[in-house]
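Trainee: Make a model of the complete structure from these sequences and hints.
Chain residues, written in single-letter form:
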Amino acid sequence: GNSVTQMEGPVTLSEEAFLTINCTYTATGYPSLFWYVQYPGEGLQLLLKATKADDKGSNKGFEATYRKETTSFHLEKGSVQVSDSAVYFCALTGITDSWGKLQFGAGTQVVVTP
Amino acid sequence: DAMVIQNPRYQVTQFGKPVTLSCSQTLNHNVMYWYQQKSSQAPKLLFHYYDKDFNNEADTPDNFQSRRPNTSFCFLDIRSPGLGDAAMYLCATSRDGSKGNIQYFGAGTRLSVL
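Residue numbers (this note's numbering), protein chains in the order written: chain S, 342 to 455; chain W, 6 to 119.
Note that these hints are calculated values from the structure, not bench results.
Bear in mind that the values here come from a model prediction, so they are computed numbers and not experimental data.
Any given hint could turn out to be false.
[What the hints assert, rightly or not] Taking lysine to aspartate or glutamate and the EDC-like style, the derived pairs with C-alpha atoms no more than 16 Å apart in a straight line are:
1. W:K49 to S:D438
2. W:K43 to W:D101
3. S:K418 to S:E404
4. S:K401 to S:E357
5. W:K104 to S:E404
6. W:K49 to W:D90
7. W:K43 to S:E383
8. S:K418 to S:E357
9. S:K397 to S:E410
[As the list claims (entries may be wrong)] From the structure, some residues in chain W lie toward chain S, with a derived Cβ separation under 8 Å:
10. I10
11. A47
12. L50
13. Y55
14. N60
15. L95
16. K104
17. G105
18. F110
19. G111
20. A112
21. G113
22. S117
[Unchecked claim] Far from chain S, some chain W residues (derived; all Cβ distances over 12 Å):
23. Q11
24. T18
25. K22
26. V24
27. H53
28. D58
29. D67
30. F69
31. N75
32. T76
33. F78
34. F80
35. R84
36. A97
37. L119
Even for Gly, the Cβ is constructed at its ideal location relative to N, Cα and C.
Mentor: Next up, the structure:
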């Protein structure tokens with residue numbers, strides 16, 4: 342079946358540091374890939390997505406590139422802010438998943454200190 | 006303006022006492038989802054509706070039921086809450102559930118069971 346593996350947290354870094362969160366997936370064909378962010382006490386918000394190989398999703402300074410050859414969708418940001426402190430979920434919808442079912446990774450907590 | 010609204014934000018119930026959580030949407034989306042998210046875990050899909058068609062996940066306990074009286078509203082009923090049902094419950098919608106569709110989440114209802 343489909344699955345998503347992402348690096349464990351918490352990831353703690355200083356403001357203006359570079360952030361990378363690794364995400365790899367297992368799925369047949371070409372799934373759609375997503376990064377969702379969850380701020381404390383809130384629901385999930387879409388951060389970015391990519392639907393085919395080599396697509397780059399970007400939003401709010403975050404980027405991720407759909408790499409079919411390495412089955413990866415790593416999230417990066419060049420200079421983080423305290424307001425980026427949140428839990429980040431990598432997710433996919435497989436070609437056989439009905440009705441847009443999302444398969445989530447375990448989530449990575451990011452803590453940014455001033 | 007919030008597009009997926011969950012009420013209440015916090016709900017306390019007693020062990021075994023039925024409880025209903027509410028979700029409404031202003032997006033006119035066809036698909037509505039209910040997720041359970043326990044502390045420090047990824048959201049887990051319980052079930053979803055495509056229009057009036059109900060789709061249960063295979064491992065969703067019978068204790069959890071859902072109703073969708075119209076396009077805008079969806080309810081999650083927990084018939085006899087146990088201590089293990091304490092969690093954040095997230096409602097989400099998508100336009101038609103096709104691959105690549107974005108899911109829009111509400112802020113969630115945090116359920117406590119005493």
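Trainee: Are all beta-carbon distances from H53 of chain W to chain S longer than 12 Å?
Mentor: With a cut-off of 12 Å, H53 of chain W comes too close to chain S, as the shortest Cβ separation is near 6 Å.
Trainee: Taking C-beta pairs only, is Q11 of chain W more than 12 Å away from all of chain S?
Mentor: 8 Å, violated
Trainee: D67 of chain W: least C-beta distance to chain S exceeds 12 Å?
Mentor: 20 Å, holds
Trainee: Given the hinted pair K418 of chain S and E404 of chain S, is their alpha-carbon gap at most 16 Å?
Mentor: The given pair, whose Cα atoms are some 6 Å apart, holds under the 16 Å limit.
Trainee: Would you settle whether the hint for A47 of chain W is holds or violated, based on the nearest Cβ-Cβ distance to chain S being less than 8 Å?
Mentor: Hint holds; A47 of chain W Cβ to chain S Cβ min 4 Å, cut 8 Å.
Trainee: K104 of chain W and E404 of chain S: Cα distance at most 16 Å?
Mentor: Roughly 21 Å between the alpha carbons, so the hint for K104 of chain W and E404 of chain S is violated.
Trainee: Is the Cβ of T18 of chain W more than 12 Å away from each Cβ in chain S?
Mentor: 20 Å, holds
Trainee: Would you check whether the claim that V24 of chain W is not at the interface survives, using Cβ distances to chain S and the 12 Å cut-off?
Mentor: Label holds. Min Cβ-Cβ 19 Å, cutoff 12 Å.
Trainee: Decide if the proposed pair is consistent with the structure: K49 of chain W and D438 of chain S, CA atoms, cutoff 16 Å inclusive.
Mentor: 15 Å, holds
Trainee: Closer than 8 Å between Cβ atoms is the bar; does F110 of chain W clear it against chain S? Give me holds or violated.
Mentor: Hint on F110 of chain W: holds, closest Cβ of chain S at ~4 Å, below 8 Å.
Trainee: Going straight from one Cα to the other, do K418 of chain S and E357 of chain S come out at no more than 16 Å?
Mentor: 9 Å, holds
Trainee: Using Cβ atoms only, decide whether L95 of chain W comes closer than 8 Å to chain S, and label the hint accordingly.
Mentor: 5 Å, holds
Checked against the numbered hints above, the structure violates hints 2, 5, 10, 22, 23, 27, 28, 36; every other hint is satisfied.
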